[in-house]
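First residue of the sequence shown: 7, per our numbering; consecutive thereafter.
It is possible that some hints are incorrect.
Label-pair distances were calculated between CB atoms; the ranges are [what the hints assert, rightly or not]:
1. Ala95 <-> Glu218: 28 to 38 angstroms
2. Arg46 <-> Gln222: 35 to 45 angstroms
3. His255 <-> Asp167: 28 to 38 angstroms
4. Glu181 <-> Gln284: 15 to 25 angstroms
5. Ala132 <-> Gly267: 27 to 37 angstroms
6. Glu97 <-> Arg165: 38 to 48 angstroms
7. Lys88 <-> Arg259: 35 to 45 angstroms
8. Ala149 <-> Glu84: 23 to 33 angstroms
If you're looking for bench data, these hints aren't it; they were derived computationally from the structure. We put the CB at the ideal spot given by N, CA and C, even for glycine.
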Amino acid sequence: MPQNRAQFMSGFRRAFDRLGLACILLATSLHAAAADMPQRVVSMNICTDQLALMLAAPGQLVSVSFLAHDPAYSPLVEAARKLPTNRGAAEDIVLLQPDLVLAGRFTTSATVEMLNRLDIPVSRFAPENSLDDVERALETMGAALRREDEAAGIIDQFRADRAALEERVAPFARETAALYFARGFSSGRVSLSNDILAAAGLDNLAAELGFEFGGQLALETLVLNNPERLILGRRSTAGWSEAKALLDHPALRSIPAYARGVSFSDADWVCGTPHVLQAVMRLIEAREVGH
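Please take these sequences and the hints and turn them into a complete structure.
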């Protein structure tokens, strides 16, 4: 019995030592991860604003672009308004003392060049042109902020929500939809708007007409093609503007799609975040009630 007890205690001490070593290694790993995590993150792009607002740890994000405070562009406007804004000027960014700056690939190039010369890390994000790109953007932001687990959780939910919408739209026959924005602009095949339409079981008229990225769609062309659905740019509440005059043109109002009911693009259409599924859902709901 004493010998068995001694063997037991010896084994217990070895197990305890191994557990202690594992705890030390875990604590060291967590400390290293915390040390690598950027502590003062500045976003100067409306789409990186949204991704960072979804994923950043409390206190990690210290400034967002001025557009993040505008509900016309920002679905997370309430969270954004708790943070100061910037307009992407290098001198403003530097004064915020960031250890990471988030920027779009094609915007604020002069500021990014200046930050690079000052050895301030900048992570640049490409525009999202599809629902698949939403997952890529979340993964990239999760890695930049060292919030990979949080990004993975949001991606899982995004996939589940997307699958549910696919099942919901499956019974509908495909219809053609026209996107029509200020000055007659329409988004083409390579665009997030095109993928939003596709997810709602709609074919993009501009893509059918050969638009690759986007361009001006003549009102006469839209009327002659007579799409089943019409999605207009959100009208301004500030009064009449020449840029949006076409959205109230009598010829546009004459087509059956207008009488059936018009949908409007909004902040959920702007950036490649999980909020795009809200736009998809509203299009599906409009089809379900027969508008």
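Hint by hint, here is what the structure shows:
no., hint, in the structure
1, Ala95 <-> Glu218: 28 to 38 angstroms, "holds, 33 angstroms"
2, Arg46 <-> Gln222: 35 to 45 angstroms, "holds, 42 angstroms"
3, His255 <-> Asp167: 28 to 38 angstroms, "holds, 36 angstroms"
4, Glu181 <-> Gln284: 15 to 25 angstroms, "holds, 20 angstroms"
5, Ala132 <-> Gly267: 27 to 37 angstroms, "holds, 35 angstroms"
6, Glu97 <-> Arg165: 38 to 48 angstroms, "holds, 42 angstroms"
7, Lys88 <-> Arg259: 35 to 45 angstroms, "holds, 41 angstroms"
8, Ala149 <-> Glu84: 23 to 33 angstroms, "holds, 26 angstroms"
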